[in-house]
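Dock chain B against chain A, hints included.
For the record, the sequence lines run as chains A and B.
Here the first sequence is numbered in my numbering, starting from 1 and rising by one per residue.
Here the second sequence is numbered in my numbering, starting from 1 and rising by one per residue.
Hint data in this document are derived by calculation from the structure and do not stem from the laboratory.
Here the structure is a predicted model, which is why all the values come from computation and not from measurement.
Glycine included, every Cβ here is placed at the ideal spot set by N, Cα and C.
Please note that a few of the clues may not be correct.
No farther apart than 30 Å at their CA atoms in a straight line, the calculated lysine-lysine pairs in the BS3-like style are these [stated by the list, open to error]: (1) K29(B) - K356(A); (2) K194(A) - K430(A); (3) K54(B) - K131(B); (4) K35(B) - K356(A); (5) K175(B) - K430(A); (6) K131(B) - K95(B); (7) K312(A) - K21(B); (8) K125(B) - K29(B); (9) K54(B) - K95(B); (10) K175(B) - K194(A); (11) K125(B) - K383(A); (12) K131(B) - K35(B); (13) K174(B) - K430(A); (14) K35(B) - K312(A); (15) K312(A) - K125(B); (16) K194(A) - K178(B); (17) K506(A) - K239(A); (18) K125(B) - K54(B); (19) K356(A) - K131(B); (20) K356(A) - K383(A); (21) K422(A) - K178(B); (22) K312(A) - K383(A); (23) K430(A) - K178(B).
Calculated from the model, a selection of chain B residues having no Cβ within reach of chain A, i.e. all distances over 12 Å [claimed, not checked]: (24) R3; (25) A47; (26) Y51; (27) L76.
The chain contents come next:
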Amino acid sequence: MEKSRPLWDNPLQFVFACISYAVGLGNVWRFPYLCQMYGGGGFLIPYFIMLVVEGMPLLYLELAVGQRMRRGSIGAWKMISPYLCGVGVASVVVSFFLSMYYNVINAWAFWYLFHSFQDPLPWASCPLNGNRTGDEAECARTSPTQYFWYRRTLNIAPSLEAAGALQWEQALCLTLAWLLVYLCILRGTESTGKVVYVTASLPYCVLIIYLIRGLTLHGAVNGLIYMFTPKLEQLANPKAWISAATQIFFSLGLGFGSLIAFASYNEPSNNCERHAVVVSLINSATSIFASIVTFSIYGFKATFNYESCMSKVILLLTNAFDLEEGSLTADNLGAVQGHLQAAHPQRYAELQPQLKNCSLEAELDTAVQGTGLAFIVYSEAIKNMEVPQLYSVLYFVMLLMLGIGSMLGNTAAILTPLTDSKFIASHLSKEVVSGLVCFINCIIGLIFTMEAGNYWFDIFNDYAATLSLLLIVLVETIAVCYVYGIRRFEKDLHTMIGHKPSWYWKVMWAFASPLLIISLFIFYITDYILTGTLQYQAWDAAQGQLVTKDYPGYALAVIGLLVAASTMCIPLGALLTLARRRLRRGRARPVA
Amino acid sequence: MLRFLLLAFSVVVFAHAELCKPDAQNAFKVRLSIKTALGDNAYAWDANEEYLFKAMVAFAMRRYSSKSTTQISNVLLCNVTDRVSFWFVVTDSAKNVTTVAGSEVEAAIRMNRNRINSAFLLSDKTLQFLKISSTIAPPVEPSTPVWLIVFGVVLCLTVAGIVFLIVTGIQRRKKQNKESSETEDLEEKCEVTVTIENGIPCETLDLKAGHINGVYAADDERFASL
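So here's chain A without its partners, still in its complex pose (with noise of 0.2 Å):
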């Protein structure tokens, strides 16, 4: 007799569980960008198409496999057709490539938590040099929010060659986090399903105080006004779309499995169409509300650093010229600087050099996404805040939520289909199958904590998972609609929920979806052999700044492995398949 299966307590349990894994880190740190580069408040016209064209669809038809099923991936697909196990064997081989790399960006946040407790913040101020006259060199070139970044809690190798060793720091971090994952799993939707409570609900609490504390930060306004007009000829630009195309379908985390374990442990009756078009929309909202915040934070980072500016620029003048003190400002700033060029041309020719030009509009153009935004642009921005180590572990707090949030969908994507086989359940229990997912995951996080970790990491956030999973969802939606038959996953609906559903969700999921993330496909794969090698960003400490590389050999083949290892699931899968009937139809022929 088979054991039941382990249930969410109550719906809301399974709500929060997908609100916490779809709300994760690409909201705060990928949107804003997005925004910023296609045309600020005019994105989200094609943010919002894309949403209902493909998002709210595919959501809802992992959802409902999920449910139906009652299995994690590899078991789901399988039901669906024999010849479909290796796009369940794909989605746990892109969730394992994930959770190795994801759960780094967990340990970089409690690194930054653990050094919010001290007074000054360790990235408000360079720290002085050998012998006491002065910043660090490197430091000096750069500002200390980025030091403290690549110096002292990466601390970089110039370049992916330059492996050098395993910070100790990151890695005792990196254990933390993943003990806290552990934690959080150990017991199944048990301790998942009470931890979601907490990891969906906090980051909207710190959003909802750092609005407010960020719209009443001096030059937030700024921010916001440049962020909300919208530039409507982007919306011409291709990229723009495809943009939204692939920041709605990653941010959703379609594909990696994550969604088909969680919907698996519901009660067969559960009303997944409403929850789909919940969770969708929760998220994208999020995705705005977290980009107001981030606007406002850049307005007043942009406005703080031009004020700066114009101040060393008055105080170079002052100087120079021994003017009275306080008699430049910065209305007079544009006057008195002709007046002196025309007075005394020689020695202002001299100092021309250092005088730069402030402007505020170049501060707000420097758009930055990803691990920048994160750990640097937000760090420099608290810094200058009243109280700001408050408000730096409100922030990190926040950071770890979302990540913590993802990485229990990432490892129930990856420990559902492994406790549903009947072999690993009967010899191992649950707790020993998860202890040994994360300690192996942990031991090969370690890869990421060495000098050109970040490096690495980089290959495997741009590539592990951006392909295959959009022909991971290509295939789950063509099998869903004409392998399984529409009009058969019509009728499982409507026993599930009590309706059919609409015209509109089919014709999604016939044809509009599927378009789309062929052309997706196509887009990337173009872009990939027009760019011809593929180039990374790395630290230049002599310049202080980032410079670009052509990835070597190795690196090359381990991206293309990566791409591989998950795609080639899919086919490999059918044909053993295949091959497994023809053996069997073979061995039965003599028989009868």
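For chain B alone, kept in the frame of chain A given last:
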């Protein structure tokens, strides 16, 4: 007599003018930012403040070389601007019309920088001696880095949580095993009255309604999909 005195005076003044001028040998430029430091409480820079400055430099020289020969009149100021910046030079009272070596003056100022700053209610940044760099006080560092303490706390809490969950899980499973073995014993005692056929009690097979055979239900994947 008067003419001699006038001549001598003009010679001295002329000599002093030669000694103290911008970029002269052993001369230092000083820059004060009084308004930046004190805001509304800023005082105006006038002759009295200059006198105080001369006195402080003379004091520094006396303390450094510990011979009480430097007088206030040995310190010469010139080229005072609106910025408030000026040049100063220290003449040697022993030798006539020569300036004290720049290195000595620098060392003396460095030694007494704190006293000079506080006399003017300023700091190293707002009272700048342009050629004399100041050593910056290092930040206070605690013996154990703070982050390790917080790390240790969080680590202990997490490990305690894991151990607690694992132990309660093992205990629960032991209890379940004990309960199921107890029900098995109970069944064995009652077995005498119930006839068992292939491990299934005969009563359940007598149901009028159809009975789903568990063996076939899980195997629907082996059948071709319709």
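Holds or violated: K131(B) to K95(B), with C-alpha atoms at most 30 Å apart: Holds. K131(B) to K95(B) sits at ~25 Å (cutoff 30 Å).
Given the hint that K194(A) pairs with K178(B), test it: the Cα-Cα distance must not exceed 30 Å. Given pair K194(A), K178(B) holds - Cα atoms ~28 Å apart, limit 30 Å.
For the pair we were handed, K54(B) and K131(B), check the Cα-Cα distance against 30 Å. With Cα atoms ~18 Å apart, K54(B) and K131(B) stay inside 30 Å; holds.
Given the hint that K125(B) pairs with K54(B), does the C-alpha gap stay at or below 30 Å? 20 Å, holds
Are the Cα atoms of K29(B) and K356(A) separated by 30 Å or less? 26 Å, holds
K506(A) and K239(A) were given as a pair; does the straight-line alpha-carbon distance stay at or below 30 Å? 28 Å, holds
R3(B) and chain A, when compared Cβ to Cβ, separated by more than 12 Å: 39 Å, holds
Proposed proximity, K383(A) with K356(A) (alpha carbon, max 30 Å): 24 Å, holds
Within 30 Å, alpha carbon to alpha carbon, are K35(B) and K312(A)? 16 Å, holds
For the pair supplied as a hint, K312(A) and K21(B), confirm whether the alpha-carbon distance does not exceed 30 Å. Within the cut-off at roughly 28 Å; holds.
Given the hint that K35(B) pairs with K356(A), does the C-alpha gap stay at or below 30 Å? Holds. K35(B) to K356(A) sits at ~25 Å (cutoff 30 Å).
For the pair supplied as a hint, K175(B) and K194(A), confirm whether the alpha-carbon distance does not exceed 30 Å. 24 Å, holds
Checked against the numbered hints given earlier, this structure breaks none of them.
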